[in-house]
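Participant: Residues per chain are reported as follows:
Protein chains: 2
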Amino acid sequence: MIKKSTKKADVLLFASPNNSADMRWFARFACGDPFIAFTAKGKRIAAITPLEIVRCRKESNFDIVLDMSEEMAKLRETQPEAGTPELIAALAERYKVNSFLVPPDFPSGLFVLLHKLGVKLEVGGTPFFPQRVIKTEEELEYIRAGNRASCAGFKAVEKILKESTIDKKGFLKYNGKTLTSEILRAAIEHACLDAGGINVEGVIAAGGDQGVDCHCAGFGPIRANELIVCDIFPLIAATGYFGDMTRTYLKGKASPEQKKLVNDVKKAHDAAIEKIKAGVAGVDVYRSTVEFFKDLGYETGYNDAGVPVGFFHGLGHGVGLNVHEAPNLGGRSLAAEKLRENMVVTVEPGLYYPGIGGCRIEDVVVVKKDGCELLSKHPYKWEIA
Amino acid sequence: MIKKSTKKADVLLFASPNNSADMRWFARFACGDPFIAFTAKGKRIAAITPLEIVRCRKESNFDIVLDMSEEMAKLRETQPEAGTPELIAALAERYKVNSFLVPPDFPSGLFVLLHKLGVKLEVGGTPFFPQRVIKTEEELEYIRAGNRASCAGFKAVEKILKESTIDKKGFLKYNGKTLTSEILRAAIEHACLDAGGINVEGVIAAGGDQGVDCHCAGFGPIRANELIVCDIFPLIAATGYFGDMTRTYLKGKASPEQKKLVNDVKKAHDAAIEKIKAGVAGVDVYRSTVEFFKDLGYETGYNDAGVPVGFFHGLGHGVGLNVHEAPNLGGRSLAAEKLRENMVVTVEPGLYYPGIGGCRIEDVVVVKKDGCELLSKHPYKWEIA
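So the sequences go chain by chain: A and B.
In case it helps, the working numbering puts the first sequence at residues -13 to 371.
In case it helps, the working numbering puts the second sequence at residues -13 to 371.
Don't take every hint at face value.
Where chains are identical, the list cannot tell them apart; a pair therefore holds if satisfied intra-copy or between any two copies.
Claimed, not checked - With a Cα cut of at most 30 Å, we get these calculated DSS-like pairs of lysine-lysine:
| id | residue 1 | residue 2 |
| --- | --- | --- |
| 1 | 60 | 324 |
| 2 | 252 | 145 |
| 3 | 102 | -6 |
| 4 | 29 | 155 |
| 5 | 106 | 27 |
| 6 | 163 | 145 |
These aren't lab readings, by the way, just hints derived from the structure by calculation.
Using the sequences provided together with the hints, build the complete structure.
Facilitator: As structure tokens, this is what we get:
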């Protein structure tokens, strides 16, 4: 049975904080390997290997940190074949927990084995920790730091494009080499690193029709007079929070179609930010952007080659310990959900047409009572001579 | 109903390739968001958003790539509230799959909902894809590349330590600044980036007693005459495969205790590599290392402060699309498992004592019929004048 998570229920997680935003939020501790974490009698309890125990006791949010090896050794005196499920069952008994609420991504293998051992589990809703959706001042600052790392990437791109020259064939030359997406992405990654961010999910620096395939990272030479989509969403390793911004550039001279495309995306971007405030449904902001582009004559669908064109992705998504999390701006599934104060969302309208290219402009805002505030700040100048 | 995975059964995965090694292996495609993947009639089938569909059709390993939005829209004509579970149920019916084998980390929420919808699921064993444990020549080369990125990090550390001077207080000065773990880790990360690797799980460059807490990343000033543990396990973004190597350094002059510690760890490292070959149980190699250190008089356990000391972690672990995967060298749970040809494991004995410091030496080997071959190559010179 699926149940909406409630603050009262005791929770059980088995995940790696580096792989699970819920675990990272619950543990407030970075760790690459999964471990046992649960609540009992209002306390946060972890069972973790000796390898992590010193850091965990020092850095984490747990009230009680158990040594998993010691616990397992004890358990195996009476149950030689005991493993993680048996240990969890024993801990549930010791701490008198009748039933655990587990996150929707709790591993099924463990779920089934615990069920066999008579440990009652209920699967919580999404978001599992509703508190994660409403950001604290501290979290807002972590997200700003993520976006500052994105901006460091944009500055690197702008510097390279400025210093690049255009050869007779229309390719860009930088430091005597042909400028490629790979060179741009490497420069972005180095710049983000210096700002404390790593691009765990990759970096997008895609020119021309590659930018139309809007999650294509970009490969090979960058050409003059083509739109270059740069989407940078670094993780700040120290906090676990992401930034997420996109700018679109062009080196050389833009065509009238390109100029119109970029200007209209920017207008849609401004209009969406105007609409965002507490009480508005995310899907309504999304729909107004869909209408906005439709009214300007932009068609969304599939071209003859079966390639999606137009505005075919959501308007935005929550950002925090995940680069994509609740709430959602778009996606009919969340039509009912109203934005609430201190929710954080990206605003990233985009248009994509083979031949003209792709344009996406993305910032991050925090929802406020009467509007929203930018958590990202970077110029929108896109034509670089 | 846990069942050993069999090649015959049809499998179902719902995960992000960037978060699930099984999905990355199955899809041969990098993607940040989870999507539906399954087998039917000997074909690999994906249902993915339009956002990823062009890349997925171009780059992935799937025979059939369905547009999740189109499929969902069709489904919602008759089931307005349909979501991922209903879509999976519909696809199971369309492709006439009676029962799916799902990986142990398949999300419980989806597992429960699919069960309610009458989709038969069995949870597979670990490893879910046994083929992943035996590496192909291509995979071995990917892991070598990961280790080359680690080596780039070591070279950066060695250069910095060589160029550093020791001030009166015993701190290291580099470029006029006090050398810190942060400076070393940043240099490692930049060097890895240039070798195609990102340190998604962090980098360890920990001096003195910080190196005793063997997953401490290292913070603050590095001192002369202290052991500096550098553990570098970069992900090669292009392939998804990891490298994993550790070297221990010291700038200045080592004490007799430090010299003995490092030399004994190196002897244990050599002895373990001598023992590794097809047919040997990983746990036996581990136990021989435990005995080796015991015979030399090194005590393993907890000191008065409750800090684990001695050789308190495993001898090694598999490496591939996960930095930690099967097989395991240590951990009684896998006592029965014998090493097989073309399995890949780290060999990383270590000793840790507050006051003396920590030392770990880690290389990666591929198991062969009559021994093993190094997949990592870097000198062991550790004392830097």
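Participant: Are the hints correct? Go through all of them and say.
Facilitator: Hints, verified against the model:
no.: 1; hint: 60 x 324; verdict: between (50 Å within a copy, 26 Å between copies)
no.: 2; hint: 252 x 145; verdict: within (22 Å within a copy, 47 Å between copies)
no.: 3; hint: 102 x -6; verdict: both (25 Å within a copy, 26 Å between copies)
no.: 4; hint: 29 x 155; verdict: neither (67 Å within a copy, 44 Å between copies)
no.: 5; hint: 106 x 27; verdict: within (17 Å within a copy, 37 Å between copies)
no.: 6; hint: 163 x 145; verdict: both (15 Å within a copy, 28 Å between copies)
Of the numbered hints stated above, the single one contradicted by the structure is hint 4.
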